[in-house]
Amino acid sequence: MMFAGLSRNDKLLFAGFTIAALAMPLLAWPVGANYPDLLQKFAIYGIFAIGFNILFGLTGYLSFGHAAFLGVGSYAAVWMFKGVTMNVIPAVIFGVLVSGMFAALIGFISLRRSGIYFSILTLAFAQMSYNLAYSVLTPITNGETGLQLSQDDARVIDRMFTEQTAGLPSTNLFGLEMSGYPGFYFCCVLLIIAFFIALRIQRSPFGMMLRAIKTNQVRMNYTGFNTRPYALTAFIISGMYAGLAGSLLAVTDPLAGAERMQWTASGEVVLMTILGGAGTLIGPILGAGLIKYFENIFSSYNDGLLAESFSFLPDFLNDALVFVIGPFVGEGWSLLLGIVFMAIVIFLPGGLMEGLARIHGWYRRRGQGDAGRKVAKQAAE
Amino acid sequence: MDVILLQLLNGLDKGGAYALIALGLTIIFGTLGVVNFAHGALFMLGAFCAVSVQALLTISKKVKDESIKFFDAYKEIPYLEAWWGDTGAMIIDYAVPISILVAIPLMLLIGLGMERGLIRYFYKRPHAEQILVTFGLAIVVQELIKAQFGANPIPTPAPEVIAGSANVGLWVGLGESVVYPWWRLIYLAFAGVVIASAFAFLNLTTYGMVVRAGMADRETVGLLGINIQRRFTIVFGMAAVIAGLAGVMYTPILPPDYHMGMDFLVLSFVVVVVGGMGSLGGAVLAGFVLGILQSFASMNEVKSILPGIDQIIIYLIAVVILLVRPRGLLGRKGVMES
Chain R
0 MMFAGLSRND KLLFAGFTIA ALAMPLLAWP VGANYPDLLQ KFAIYGIFAI
50 GFNILFGLTG YLSFGHAAFL GVGSYAAVWM FKGVTMNVIP AVIFGVLVSG
100 MFAALIGFIS LRRSGIYFSI LTLAFAQMSY NLAYSVLTPI TNGETGLQLS
150 QDDARVIDRM FTEQTAGLPS TNLFGLEMSG YPGFYFCCVL LIIAFFIALR
200 IQRSPFGMML RAIKTNQVRM NYTGFNTRPY ALTAFIISGM YAGLAGSLLA
250 VTDPLAGAER MQWTASGEVV LMTILGGAGT LIGPILGAGL IKYFENIFSS
300 YNDGLLAESF SFLPDFLNDA LVFVIGPFVG EGWSLLLGIV FMAIVIFLPG
350 GLMEGLARIH GWYRRRGQGD AGRKVAKQAA E
Chain P
0 MDVILLQLLN GLDKGGAYAL IALGLTIIFG TLGVVNFAHG ALFMLGAFCA
50 VSVQALLTIS KKVKDESIKF FDAYKEIPYL EAWWGDTGAM IIDYAVPISI
100 LVAIPLMLLI GLGMERGLIR YFYKRPHAEQ ILVTFGLAIV VQELIKAQFG
150 ANPIPTPAPE VIAGSANVGL WVGLGESVVY PWWRLIYLAF AGVVIASAFA
200 FLNLTTYGMV VRAGMADRET VGLLGINIQR RFTIVFGMAA VIAGLAGVMY
250 TPILPPDYHM GMDFLVLSFV VVVVGGMGSL GGAVLAGFVL GILQSFASMN
300 EVKSILPGID QIIIYLIAVV ILLVRPRGLL GRKGVMES
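In order, the protein sequences belong to chains R and P.
With numbering that gives the first Met the number 0 as the guide, the letters of the first sequence map in order to residues 0 to 380.
With numbering that gives the first Met the number 0 as the guide, the letters of the second sequence map in order to residues 0 to 337.
These aren't lab readings, by the way, just hints derived from the structure by calculation.
A portion of the hints provided could be inaccurate.
Computed spacing ranges between beta-carbons, pair by pair [what the hints assert, rightly or not]:
1) P/123 / R/342: 15 to 21 Å
2) R/107 / P/160: 54 to 60 Å
3) P/319 / R/224: 25 to 31 Å
4) R/318 / P/233: 39 to 45 Å
5) R/96 / P/154: 57 to 63 Å
6) R/2 / P/319: 56 to 62 Å
7) P/319 / R/15: 22 to 28 Å
8) R/138 / P/164: 51 to 57 Å
9) P/69 / R/151: 53 to 59 Å
10) R/314 / P/119: 49 to 55 Å
Not the full set, but computed from the structure, chain R residues with beta-carbon under 8 Å of chain P [what the hints assert, rightly or not]:
11) 100
12) 104
13) 108
14) 119
15) 123
16) 130
17) 297
18) 331
19) 341
20) 345
21) 349
The beta-carbon is built from N, C-alpha and C at its ideal position, and this holds for glycine as well.
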């Protein structure tokens with residue numbers, strides 16, 4: 000039932016993805032990324048990027064305000080923790096619903112325009128939410144400090160069953176604490192579900208419609224389709240994905256701050272999606288993983304560590320390498336990210352997935368070329 | 000009345016900065032059709048021209064401090080002061096005005112280099128890709144500056160002569176209650192001069208006329224045997240200079256740091272959209288209008304009626320304008336209206 004209508008390739012893709020996602024701790028082990036905090040980030044930002052891709056990759060609408068939904072999801076989830084229960088299920092559901100409604104509102108207005116105007120409208124809304132979260136909405140968002148759990152929160156349902164203990168309670172799934180690997184596997188299962196939904200959307204008539212909007216919206220309108228409801232649906236779905244990612248951020252670490260909504264955060268998800276390959280299924284997740292991985296690895300490097308890792312080289316070479324590479328790691332890793340991103344946009348607009356496809360195609364052509372030559376040789380003989 | 004005058008000045012001042020950045024943005028869009036997300040970075044580079052000039056002028060040597068007798072104490076004296084005494088000190092004091100002279104050729108070169116090196120490959124590509132690549136460039140520039148100058152704001156004071164405040168109230172007959180920093184008044188005047196000269200250049204010279212003709216119909220101008228591309232390149236350089244000058248002059252008001260460009264970029268895009276993409280007059284008008292509205296919205300009387308309005312007024316206006324009049328205040332009909 001679940002897989003009805005999917006081609007064999009898609010089933011394989013989904014199976015492969017599931018296995019890879021579940022085995023992520025093992026896969027990340029050789030590159031030294033197998034600790035739960037980072038793995039959680041892979042899964043969460045993977046979801047965020049998948050969702051962004053449903054909007055940007057399929058319909059071509061470039062939103063520069065997606066972090067607003069991430070932030071709203073975080074706030075909603077933390078409020079659920081504070082008010083009702085530390086169980087993560089209601090928090091996640093609430094986060095997704097609230098950000099979905101928020102997305103419906105913003106999308107309804109923003110989608111009246113397309114192209115760069117759409118980008119600027121979403122940017123304007125995100126900046127508004129960010130500014131408001133810092134100022135007037137302080138009762139809801141707790142301003143600069145960020146929204147945190149506290150000892151005297153209501154937590155209505157939890158109070159009914161358990162006595163209040165000293166210290167802050169932690170988020171849990173029916174008693175299983177959501178930190179470390181359990182937390183990762185919770186995010187991971189949601190990532191797999193999110194991926195599956197994205198796969199179904201992409202292969203459905205609805206997904207076809209979205210891609211048609213990207214290709215030629217005017218023509219769609221002339222053939223009698225009203226494209227706006229489709230684009231709006233995509234926008235809401237994508238906002239809900241962002242909300243899911245936001246509430247998962249709150250699940251793994253129950254606090255929410257306004258800086259999550261800043262437009263640089265919206266820029267980050269754009270980077271992830273483009274880097275991996277907009278419009279592809281795997282690309283955005285790949286991009287999210289790569290950016291989070293390198294952010295983590297590179298930002299911990301400094302000149303001392305760098306010198307140590309090149310210590311097998313003669314001194315002058317070591318110094319030269321540290322001098323050259325130094326500015327790109329540690330604090331300056333965003334510089335590297337910026338350069339790589341520019342290179343991708345300039346030379347490989349389809350992202351890493353296009354790069355892989357090109358290499359694949361090149362090999363195949365070469366293989367065929369060999370075969371072709373053999374045939375020609377035989378014919379000549 | 001006093002408060003209103005003060006807020007008006009504040010608004011004009013802020014509006015001056017918005018208008019300058021937005022003017023460059025809209026010139027680039029009008030001529031080259033490129034959406035330049037790296038324009039804020041140009042503004043920031045201008046500001047850091049002033050920082051570098053100040054740093055260059057104050058290169059110091061260590062001198063023994065004679066006033067401390069108990070132990071060997073050293074103090075730093077800038078070479079300029081050591082060589083020329085008071086004249087040297089005065090040159091250092093005037094670091095910001097001097098850096099204008101440095102910023103003009105430097106920003107022109109940066110602008111030309113950027114257009115020839117990167118932007119020209121993106122004329123034919125979709126707006127989304129232009130946004131993305133210039134966004135990447137902005138990150139790179141910003142990080143380079145951060146690597147060189149650190150993450151903290153660097154104070155670059157205005158010359159001492161004009162460090163105080165002007166008694167604006169007295170000029171308009173409101174008594175001594177309204178005072179306003181001299182430098183901000185100078186900034187306003189400077190913005191006026193730069194805007195006026197940009198308009199004069201485009202509207203009164205033959206060169207500008209050809210550029211405007213190219214904006215209206217690029218192909219025909221090309222068919223007349225004019226190398227319009229080269230003129231557009233130079234216009235791009237001009238826009239970079241305008242952004243850079245806005246940055247240089249802004250340093251005494253706001254100590255520059257590496258992300259000031261991004262902060263202004265978002266606002267100036269909103270300004271451009273409100274004024275109308277590609278409309279020069281619109282950008283200037285919208286810059287001042289939004290600046291003034293923003294400063295009036297931050298009055299306590301207004302905030303008590305509509306809490307938080309000062310934070311969002313600009314974006315709110317942009318949303319309303321985009322929905323009811325998408326071509327902007329002074330935009331030409333049919334330009335980017337979809």
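When the least beta-carbon distance from residue 100 of chain R to chain P is tested against 8 Å, hint result: violated (18 Å)
Residue hint residue 104 of chain R, partner chain P, criterion CB-CB below 8 Å: For residue 104 of chain R, the interface hint is violated, since the closest Cβ of chain P sits about 12 Å away, which is over 8 Å.
Chain P contact restraint on residue 297 of chain R - CB to CB distance below 8 Å: violated (12 Å)
Residue 331 of chain R as an interface hint toward chain P, with CB separation required under 8 Å: holds (5 Å)
Supplied distance hint 25 to 31 Å, evaluated on CB atoms of residue 319 of chain P and residue 224 of chain R: holds (29 Å)
Evaluation of the interface hint that places residue 341 of chain R against chain P, nearest CB under 8 Å: With a minimum Cβ separation of about 4 Å from chain P (threshold 8 Å), the hint on residue 341 of chain R holds.
Cβ distance range 15 to 21 Å for residue 123 of chain P and residue 342 of chain R, holds or violated: holds (19 Å)
Residue 314 of chain R versus residue 119 of chain P beta-carbon gap, inside 49 to 55 Å or not: Violated - the Cβ-Cβ distance for residue 314 of chain R and residue 119 of chain P, about 44 Å, lies outside 49 to 55 Å.
C-beta pair residue 69 of chain P, residue 151 of chain R: status relative to the range 53 to 59 Å that was hinted: holds (58 Å)
Range agreement (Cβ of residue 164 of chain P with Cβ of residue 138 of chain R, hint 51 to 57 Å): Because 38 Å falls outside the window, the suggested range is violated.
Minimum beta-carbon distance criterion (8 Å), residue 349 of chain R to chain P: Interface hint status for residue 349 of chain R: violated (11 Å vs cutoff 8 Å).
Cut-off 8 Å, beta-carbon criterion: hint that residue 345 of chain R touches chain P: Nearest chain P Cβ about 6 Å off; hint holds.
The structure is inconsistent with the numbered hints 5, 6, 7, 8, 10, 11, 12, 17 and 21, although it conforms to all the rest.
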